[in-house]
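2 protein chains.
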Amino acid sequence: MTLQEALDTYLPLIEDELRACMTPPANSPPAFFGMMHYHLGWADPQFQPVQIKAGKRLRPLFTLLTCQAAGGDPHDALPAAAAVELVHNFSLIHDDIEDRSDTRRGRTTVWALWGEAQAINAGDAMLTLAHLGLHRLSERGVPPDRVIAALHALDQANLALCRGQHLDLDFESRLEVDADAYMTMIQGKTAALLGCAGQLGAMVASPDRDLTERYRRVGEGLGLAFQIQDDVLGIWGEPDVTGKPVADDIRHRKKSLPVVYVLGRRNDPGAERLRALYAQEELSEGDVADAIAILDASQARPYAEELARYHLETALTELEAARPEPEAGEALREMAHFLIKRAY
Amino acid sequence: MTLQEALDTYLPLIEDELRACMTPPANSPPAFFGMMHYHLGWADPQFQPVQIKAGKRLRPLFTLLTCQAAGGDPHDALPAAAAVELVHNFSLIHDDIEDRSDTRRGRTTVWALWGEAQAINAGDAMLTLAHLGLHRLSERGVPPDRVIAALHALDQANLALCRGQHLDLDFESRLEVDADAYMTMIQGKTAALLGCAGQLGAMVASPDRDLTERYRRVGEGLGLAFQIQDDVLGIWGEPDVTGKPVADDIRHRKKSLPVVYVLGRRNDPGAERLRALYAQEELSEGDVADAIAILDASQARPYAEELARYHLETALTELEAARPEPEAGEALREMAHFLIKRAY
Numbered sequence: 012m013t014l015q016e017a018l019d020t021y022l023p024l025i026e027d028e029l030r031a032c033m034t035p036p037a038n039s040p041p042a043f044f045g046m047m048h049y050h051l052g053w054a055d056p057q058f059q060p061v062q063i064k065a066g067k068r069l070r071p072l073f074t075l076l077t078c079q080a081a082g083g084d085p086h087d088a089l090p091a092a093a094a095v096e097l098v099h100n101f102s103l104i105h106d107d108i109e110d111r112s113d114t115r116r117g118r119t120t121v122w123a124l125w126g127e128a129q130a131i132n133a134g135d136a137m138l139t140l141a142h143l144g145l146h147r148l149s150e151r152g153v154p155p156d157r158v159i160a161a162l163h164a165l166d167q168a169n170l171a172l173c174r175g176q177h178l179d180l181d182f183e184s185r186l187e188v189d190a191d192a193y194m195t196m197i198q199g200k201t202a203a204l205l206g207c208a209g210q211l212g213a214m215v216a217s218p219d220r221d222l223t224e225r226y227r228r229v230g231e232g233l234g235l236a237f238q239i240q241d242d243v244l245g246i247w248g249e250p251d252v253t254g255k256p257v258a259d260d261i262r263h264r265k266k267s268l269p270v271v272y273v274l275g276r277r278n279d280p281g282a283e284r285l286r287a288l289y290a291q292e293e294l295s296e297g298d299v300a301d302a303i304a305i306l307d308a309s310q311a312r313p314y315a316e317e318l319a320r321y322h323l324e325t326a327l328t329e330l331e332a333a334r335p336e337p338e339a340g341e342a343l344r345e346m347a348h349f350l351i352k353r354a355y
Numbered sequence: 012m013t014l015q016e017a018l019d020t021y022l023p024l025i026e027d028e029l030r031a032c033m034t035p036p037a038n039s040p041p042a043f044f045g046m047m048h049y050h051l052g053w054a055d056p057q058f059q060p061v062q063i064k065a066g067k068r069l070r071p072l073f074t075l076l077t078c079q080a081a082g083g084d085p086h087d088a089l090p091a092a093a094a095v096e097l098v099h100n101f102s103l104i105h106d107d108i109e110d111r112s113d114t115r116r117g118r119t120t121v122w123a124l125w126g127e128a129q130a131i132n133a134g135d136a137m138l139t140l141a142h143l144g145l146h147r148l149s150e151r152g153v154p155p156d157r158v159i160a161a162l163h164a165l166d167q168a169n170l171a172l173c174r175g176q177h178l179d180l181d182f183e184s185r186l187e188v189d190a191d192a193y194m195t196m197i198q199g200k201t202a203a204l205l206g207c208a209g210q211l212g213a214m215v216a217s218p219d220r221d222l223t224e225r226y227r228r229v230g231e232g233l234g235l236a237f238q239i240q241d242d243v244l245g246i247w248g249e250p251d252v253t254g255k256p257v258a259d260d261i262r263h264r265k266k267s268l269p270v271v272y273v274l275g276r277r278n279d280p281g282a283e284r285l286r287a288l289y290a291q292e293e294l295s296e297g298d299v300a301d302a303i304a305i306l307d308a309s310q311a312r313p314y315a316e317e318l319a320r321y322h323l324e325t326a327l328t329e330l331e332a333a334r335p336e337p338e339a340g341e342a343l344r345e346m347a348h349f350l351i352k353r354a355y
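These protein sequence lines map, in sequence, to chains A and B.
Quick note, the working numbering runs 11 ahead of the 1-based positions in the first sequence.
Quick note, the working numbering runs 11 ahead of the 1-based positions in the second sequence.
Next up, chain A with everything else stripped away, as it sits in the complex:
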């Protein structure tokens, strides 16, 4: 099965399951679910139905494919797929408040439309609905001990997500960040939930803990590789690939991996100079060029690319060791290479 075939087959099922999880109870004031429906691309700001592509739904697709790969019926994993997507979206609603982001996917964010207080509450409600959605596994005949394990795994991942977000917010306020701390941050913020997506899919298919852990590591490795690649592209990526100007992350003084790799060095003139640049309120185009020259001289790019390759290869090795069902295995390999576009 190609990735496109998987998308064509599974995305409509995922959307249906998400809508089932997000059906308001009888006593709900319209705006309560309305704000969440807006965020998911199903409503406009007046809560009238629309259909906007809000997100690629790659995490839930990954859950269905790992379920199939582990020998299960992907339909049984739909509640897990929806739960993972709702946790992701809860975190986006809250991140947008925390980062003061006015727009997401070209639309005004929930907090910018309805205020911070209602947006905090909408995120809380969506996290709650993610849990209630996961309980639908019981209706699919998943045995109770596995439903419990799935609920536990989802909250373990969400705790990692919160830990990653804590670190990310913390890093913004200081220059003493090194590559190890950064990797801990993205392990939580990016990799844990994709790991959970893989783990839950396999868990629906099989009680074998070694196997479910393997699929968790597939997702985790892909998450890490993806984030690191994103960091490389944010500095050296071509505008026609990234849709953003070259060195955009430097211009915004983002502490991405190549930057913290250098910032973390002691007694290093390049690190001193980069720290001084990042301590400025704004960077001129000359400053940006200086920063990139420092990163290039410090071999920050090959360091990051090597690390991305390592995590991609770990993910692919774990995938093969799991002996995936061939159709799903093909789609998962293609998804891995789609996520991490460069053949490092």
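Any given hint might turn out to be false.
Unchecked claim - So the derived list for chain B, only partly shown, Cβ under 7 Å to chain A, looks like this:
no.: 1; residue: Phe43
no.: 2; residue: His105
no.: 3; residue: Glu109
no.: 4; residue: Ile131
no.: 5; residue: Asp156
no.: 6; residue: Leu162
no.: 7; residue: His163
no.: 8; residue: Asp166
no.: 9; residue: Leu170
no.: 10; residue: Arg174
To be verified - Over 12 Å on every C-beta distance to chain B, these chain A residues come out as not near it, computed from the model:
no.: 11; residue: Glu16
no.: 12; residue: Asp110
no.: 13; residue: Arg111
no.: 14; residue: Ala133
no.: 15; residue: Ser184
no.: 16; residue: Glu341
Unchecked claim - Here are some chain A residues the structure puts well away from chain B; computed CB gaps all over 10 Å:
no.: 17; residue: Ile25
no.: 18; residue: Gln59
no.: 19; residue: Asp84
no.: 20; residue: Glu187
no.: 21; residue: Pro280
no.: 22; residue: Gln291
no.: 23; residue: Ala347
These are computed hints drawn from the structure, not numbers from a lab.
Every residue, glycine too, gets a C-beta built ideally from N, C-alpha and C.
Starting from the known structure of chain A, fit chain B onto it as the hints suggest.
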């Protein structure tokens, strides 16, 4: 067993269980759990250990007592008690941000110390830890189907809590609020979690759904009666009882039950006048006296007192119908009368 005996016996166990739920994993940055420990009264703003009474822990005590009342071992219900208390505290951390409250229980709030972004994230993490804490029921030998039912009930209550908070925030911005809408709001914001506390305690003791629903209604009734009494005291309470000046809620233009009872009336001169007063930016002492005169003339106080009595009696009737184990029954009756101090 008197309420004091129950407090002496159970509060230390509850505190130990809460601490067990809130133990940071090895890879946690100190401030991540530190902010949550601060909120719970276990740490100062520098994350040094302190022991401050932060909250009465009445919800978790209620859980242990309903477990015992339903014939169970209250120790087995400790994870449920802790989970309910953590959900309550998650909601306080977020409410304080949403309401812009600088202090709670005489201490600076989490957001006022560490900023909104970290406080949103700390609340999210505490909600997650509430779930992980509830999973500890499995270690206490609670059967899987009941662990699943408990997890589901907790999220149902939390969704009601979010719905109540949505309505509360919504009410602030408008004057068209009536008593029915208000009751829906406090059913979610105050009563649902206390109902869940009772339900979970009974659930640990017994698989009988009629019984667990009964204990849910005991908690729900007490929650409603308590909130309505609080509304009455906020307007007519003596300062030496409430610790606040007379009519404090009116001075702050709070839309509590006696107020919305009048505001909701159509074609009523008193309602018109009250609406006009509440539309002002500030109320003079003369305005406050006018508002109270309108409420008195509209019989708002006996209306509210009658409703509080009704919900207290419903709770007590449900409690007797559940045939509680005598020791726990005694403590529960005393708790009900302690919560709703007036003998209506």
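Do the hints match the structure? See the list:
Satisfaction of the interface hint for B:Phe43 is found here, the shortest Cβ-Cβ separation to chain A being roughly 5 Å, below the 7 Å cut-off. Contact between B:His105 and chain A, as hinted, is supported at the beta carbon level, the nearest pair being about 5 Å apart and thus within 7 Å. Interface hint at B:Glu109: satisfied, since its Cβ lies 4 Å from the closest Cβ of chain A, which is below the 7 Å cut-off. Annotation: B:Ile131 was flagged as interfacial toward chain A, and the flag holds, the nearest CB pair being 5 Å apart, inside 7 Å.
Checking B:Asp156 against chain A: minimum C-beta separation of about 5 Å stays under 7 Å; hint holds. With a cut of 7 Å, the hint placing B:Leu162 at the interface with chain A holds, because the nearest CB-to-CB distance is about 6 Å. Interface hint at B:His163: satisfied, since its Cβ lies 5 Å from the closest Cβ of chain A, which is below the 7 Å cut-off. For B:Asp166, the interface hint holds, the least distance from its beta-carbon to any beta-carbon of chain A being 5 Å, beneath 7 Å.
The restraint placing B:Leu170 at the interface with chain A holds, with a minimum CB-CB distance near 5 Å, inside the 7 Å limit. Against a cut-off of 7 Å between C-beta atoms, the interface hint on B:Arg174 holds, since the closest Cβ of chain A lies about 6 Å away. Once the 12 Å rule is applied to beta carbons, A:Glu16 is consistent with being away from chain B; the minimum gap is 35 Å. Its beta-carbon lying about 8 Å from the closest one in chain B, A:Asp110 breaks the requirement of being farther than 12 Å from that chain.
Taking the minimum C-beta to C-beta distance to chain B, about 9 Å, the non-interface status of A:Arg111 is violated against the 12 Å cut. The beta carbon of A:Ala133 is not kept farther than 12 Å from every beta carbon of chain B, the shortest such distance being approximately 8 Å. Listed as outside the interface, A:Ser184 is inconsistent with that label: its C-beta sits roughly 9 Å from the nearest C-beta of chain B, within the 12 Å cut-off. Look at A:Glu341: its CB is around 35 Å from the nearest CB on chain B, clear of 12 Å, so calling it non-interface holds up.
For A:Ile25, the requirement that its beta carbon stay farther than 10 Å from each beta carbon of chain B is met, with the minimum near 21 Å. Annotated as non-interface, A:Gln59 keeps its C-beta farther than 10 Å from every C-beta of chain B; the closest such distance is 19 Å. At roughly 21 Å from the closest C-beta of chain B, the C-beta of A:Asp84 stays outside 10 Å, upholding its exclusion from the interface. Under the 10 Å C-beta cut-off, the non-interface status given to A:Glu187 relative to chain B holds; the minimum distance is some 13 Å.
At the 10 Å boundary, the C-beta of A:Pro280 stays outside the reach of chain B, the nearest C-beta of that chain being 29 Å off. Residue-level check passed: A:Gln291 sits 22 Å from the nearest beta carbon of chain B, beyond 10 Å. Every Cβ of chain B is farther than 10 Å from the Cβ of A:Ala347; the closest lies at roughly 26 Å, confirming the non-interface assignment.
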